[in-house]
Amino acid sequence: MPKPNVLFVFQEIFIAVFALTILSGGTAFYLAAQSTLSPQQNRVFESAISNCQMGFGAIFALLGSKSTNLFRSQTEPDEDETK
Numbered sequence: 001m002p003k004p005n006v007l008f009v010f011q012e013i014f015i016a017v018f019a020l021t022i023l024s025g026g027t028a029f030y031l032a033a034q035s036t037l038s039p040q041q042n043r044v045f046e047s048a049i050s051n052c053q054m055g056f057g058a059i060f061a062l063l064g065s066k067s068t069n070l071f072r073s074q075t076e077p078d079e080d081e082t083k
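Numbering (the numbering used here), first residue to last: 1 to 83.
No lab work stands behind these hints: they were computed from the structure.
For clarity, every value in this text was computed on a predicted model and none was experimentally measured.
Heads up, a few of these hints could be off.
Said to hold, decoys possible - Distance windows between CB atoms, simulated:
#1 Thr68 to Ser47: 30 to 40 Å
#2 Ser38 to Lys66: 25 to 35 Å
#3 Asn5 to Ser38: 28 to 38 Å
#4 Pro4 to Gly57: 39 to 49 Å
#5 Phe71 to Tyr30: 13 to 23 Å
#6 Phe8 to Ala32: 32 to 42 Å
#7 Leu7 to Asn42: 16 to 26 Å
Just so it is clear, CB atoms sit at the ideal spot from N, CA and C, and this is done for glycine as well.
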């Protein structure tokens, strides 16, 4: 079985997390603009806010995991090269 391309898998995960974060943020923004909310709408609003916050955290974590290669010294051998 061929090994999946790591960059392609990362992009798929990043796009999925980004889309869900934007969707939940848009929902929260729409509900926040309403003058009054029913108890059910209030629960959806709180869930959307929570999902949006977790999504932003996940986006920064994903970007942080990719940025570790940027700060690696040029003299250090890669783990794959030493094996």
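Can the suggested window of 39 to 49 Å be confirmed for the beta-carbon pair Pro4 and Gly57? Because 25 Å falls outside the window, the suggested range is violated.
CB of Thr68 to CB of Ser47, is that within 30 to 40 Å? holds, 32 Å
Is 13 to 23 Å respected by the C-beta to C-beta distance linking Phe71 and Tyr30? Given about 39 Å between the Cβ atoms, the range is violated.
Holds or violated: the 32 to 42 Å window for the beta-carbon distance between Phe8 and Ala32? With Cβ atoms ~36 Å apart, the hint holds.
For Asn5 and Ser38, compare the CB-CB distance with the range 28 to 38 Å and indicate the outcome. Given about 47 Å between the Cβ atoms, the range is violated.
When you take the CB atoms of Leu7 and Asn42, is the distance between them in 16 to 26 Å? For Asn42 against Leu7, whose Cβ atoms are near 41 Å apart, the range 16 to 26 Å is violated.
Using the C-beta atoms of Ser38 and Lys66, is the stated range 25 to 35 Å upheld? Cβ of Ser38 to Cβ of Lys66: about 42 Å, so the range 25 to 35 Å is violated.
The structure does not agree with the numbered hints 2, 3, 4, 5, 7 stated previously, though it agrees with the rest.
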